[in-house]
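Asker: Construct the complete structure from the given sequences, taking the supplied hints into account.
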Amino acid sequence: MRAQSSSDELRKLYETAGPAAFRRASRLLQNEADAWDVVQEVFQKILETSVPRSGTGMAFCYVAVTNLCLNRFKMAGVRRRLQPAASSGQADAAGTAVARDLIERLDSRLDGLDRRLIVFAYMDEMSHEEIAAATGVSRKTVGRRLEKIKKLALALAEPEPV
Amino acid sequence: MNAQSHLSDWALDQLALEPDAAAREHLNTCARCSARSSDIAQQRRKAMESPRFEAVWSSLQRVPPRRRWWRFAFVPAFAGVAAASILWIRPARHDAIRPKGGYSVAVWTAHGRVDGSQPVRPGENVSLSVNTLGRKYALILGVDEAGAVAVVWPPGAGQSGETPAAPARPLAPAFKVTPGSLTLEAFFSDKPIPAQAAIESLRRRVAANGPGAQSGQSIPVLPFESGRASTVLEVR
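From first to last, the protein sequence lines stand for chains S and F.
The numbering used here puts the first residue of the first sequence at 1, with every later residue one more than the last.
The numbering used here puts the first residue of the second sequence at 1001, with every later residue one more than the last.
Hints listed in this document are in silico derivations from the structure and should not be mistaken for laboratory results.
Hints are supplied without guarantee of correctness; some may be wrong.
On the chain S side, residues computed to face chain F include the following (Cβ under 10 angstroms) [to be verified]:
hint	residue
1	L10
2	Y14
3	T16
4	W36
5	V39
6	Q40
7	E41
8	Q44
9	L47
10	F120
11	A134
12	G136
13	V137
14	S138
15	K140
16	T141
Think about it this way: if two alpha-carbon atoms lie no more than 25 angstroms apart in a straight line, the pair counts; the simulated DSS-like pairs of lysine-lysine are [stated by the list, open to error]:
hint	chain 1	residue 1	chain 2	residue 2
17	F	K1191	S	K45
18	S	K150	S	K140
19	F	K1046	F	K1136
20	S	K45	F	K1176
21	F	K1046	S	K12
22	S	K45	S	K12
23	S	K151	S	K140
24	S	K150	F	K1191
A quick note: this is a predicted structure, and the numbers were derived from the prediction, not measured.
Note that the Cβ used here is the ideal one computed from N, Cα and C, for glycine as well.
Answerer: See below:
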């Protein structure tokens, strides 16, 4: 009875957060097979790990998908030209392209948290409050980090002095 | 709601799990958010129609049951349940015995644990640690940028090695790193995994997908594999 109830709850989480995880992973990785692998890993983690310190099931999925995709970026040594995701709309592709572009161009100047914040802010267009709720980082830190990222990006965009 | 007074995808996804009257009301009056919500719903249906959706679910059913924290994500939905039932499922009961985190492999230098985004300097001494969640054996393979696969730990062994009883203890020996990017794929098991079979499996996977993270669900062999984890070692 108890096991059945647990399984039902997991199924409910899978049916709601699973497609959301796939959508976000597809946008970031631009590869559906890899995106399903990420979904698999996320839910395997849900089965295997203890209660996360913050957030609900959806928050855990957002953070886990972001982390796994960013790891894959690093592992694949993403240097390829950005291409709009075939399965998502123009707005999706634009936000994703900005996020990926920032991560690629700022690369060594970013730490893990910066990368996650870029994905949440630029691809997911989450507010600072929402990012703070999902990541467990204070709203102030979110704002400060994103401001720093914006300054770094602007500095990169400036032409070299002649 | 974000600064533009529209619902983010995050908020729309949350709505599927938790009812939010204010957000629902906003959806009824905002054409942009309503359209985005429909778009997300359509993408959700499409994902659920994919054969991989049920394939992933089936594979999850084969994962041995552990502490399933996600049930607590639904606690608000069950607020009306009797107090005795709530006590029965509350998470605090498990706090004392809960292991931290999931399967993992981590890289350490003299300066501490290496964050995935921090490169290591060439020539630095590096050691690895694993969280095996109680599994006795680990096999760590490395995939370089060219897609070559080799055993990283235990070095030179033909099969998985026994891991230290204390998870925080680094695996011996430490090794010096050379420039480049190395993806570390760790496989955890209760019985030793033959290194050659694992290498060949990973090679096939790399040949199909290119170098990079291969630790998704579809590595086909490793019959004794109980869990896996990966990380990247960036040396520059």
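Asker: What hints, given by number in increasing order, does this structure fail?
Answerer: 12, 13, 14, 15, 16, 19, 20, 24
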